[in-house]
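J.: Sequence:
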Amino acid sequence: MNTNQLVSSWYDEFGTMIFTYILMILIGCIIVSTLPLYSSTATDFMQKLLPMNISNEQNSYIDRKISKLLEVEKIDFQNVGISTNPFTINIGLMSNGKRFDEQKSILIPKIKKLLKKENIDDYKLEITPYHKPNPTKETKMTGEVKVEGKVLQTNWPIIVSNIYNSMAGKSTYKMKGISFKEGKDLVNITIRTGLEKDKDTKIIVKKIENELQDYFAEEKTQKQIGNFNYEIIILDKEKNMIGKVEKY
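Position 93 of the sequence shown, counting from 1, maps to 73 under the numbering used here, and the rest follow consecutively.
Mixed in with the good hints, there may be bad ones.
[Claimed, not checked] Between beta-carbon pairs, the in silico distance windows are:
# : residue 1 : residue 2 : range
1 : K104      : K217      : 15 to 23 Å
2 : T68       : P31       : 18 to 26 Å
3 : K217      : S47       : 46 to 54 Å
The set of hints was computed from the structure by calculation and includes no laboratory data.
Don't be surprised by glycine CBs; every beta carbon is placed ideally from N, CA and C.
With the hints as extra help, turn the sequences into a complete structure.
T.: Laid out in C-alpha cells, this is it:
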C-alpha cells in the first residue's frame, strides 16, 4: 500500500469516527432535552394533587371541625351539615338580623381558612339565620354515603364514610358519591367521580388506589374489617370503571 492509499484509508476511518461521534451527540441532546421536560411536567402535576389523608378518626370530619370552630368563637348554632352534588357546607346559626350579619362576616374568613388547611377547595358555603323548627316536618340531610341492601353489624359504614370524607370537596377527585353493598364475606364499594378519561386521570386514579391500599393496610383498619374481602371500583364521569382495589 502506497502513501496515498494510507492517507485515504486514514481519512475514511477518521471521517467515520467523526460522523458517529456527532450522531451520538445529537441523539444524546434529543434525549436530554426531552426527558426533563416530561419529568418536570409530570412532577408539577402530581404536586398539585390534593392529598386524601384517609383517617379512622371521625373528629377529622370537616363538619365536626367547623362545629369546634363555632364553639371556640362562642357562636351558638342550630346545625352544621354536609350535602352533596355540589359539595355544600350548611351552617344554621341561632341569630337573626344585625347579630346574624356580624357573626356571618366573622365566620366566613375563618371557615375559608380552615377549609384551605384541610385541602378543601371545591365547595359551596351556606350560612343561614335562625328559623324555628317545624315539629311536623323532619329535617334530614341527604346522605353522602349510599347503602345498598342489608347492612350487617360491621364497621363498613364508618370505613366508607372515612373514604368519602377524604375525597369530598377536593377538586382533584371530583367526588360525586359513594355506595357500598355488604355480602356474607365480601363488600363491594363504588366510588363515583366526575373525572374525564384522559392521561391526567390515570395519574389521579393511581394516587387514589395507592392511598386506599395504604389505608386498608393500617392496623386499625385491619381490625375493623376483620376477615372481610372487599372490592372497590372507581367510576369516571361516564360511569366507566377506571380503577380498582381489591382483596380476596
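J.: Okay, which hints does this one fail, numbers in order?
T.: Violated hint: only 3; rest satisfied.
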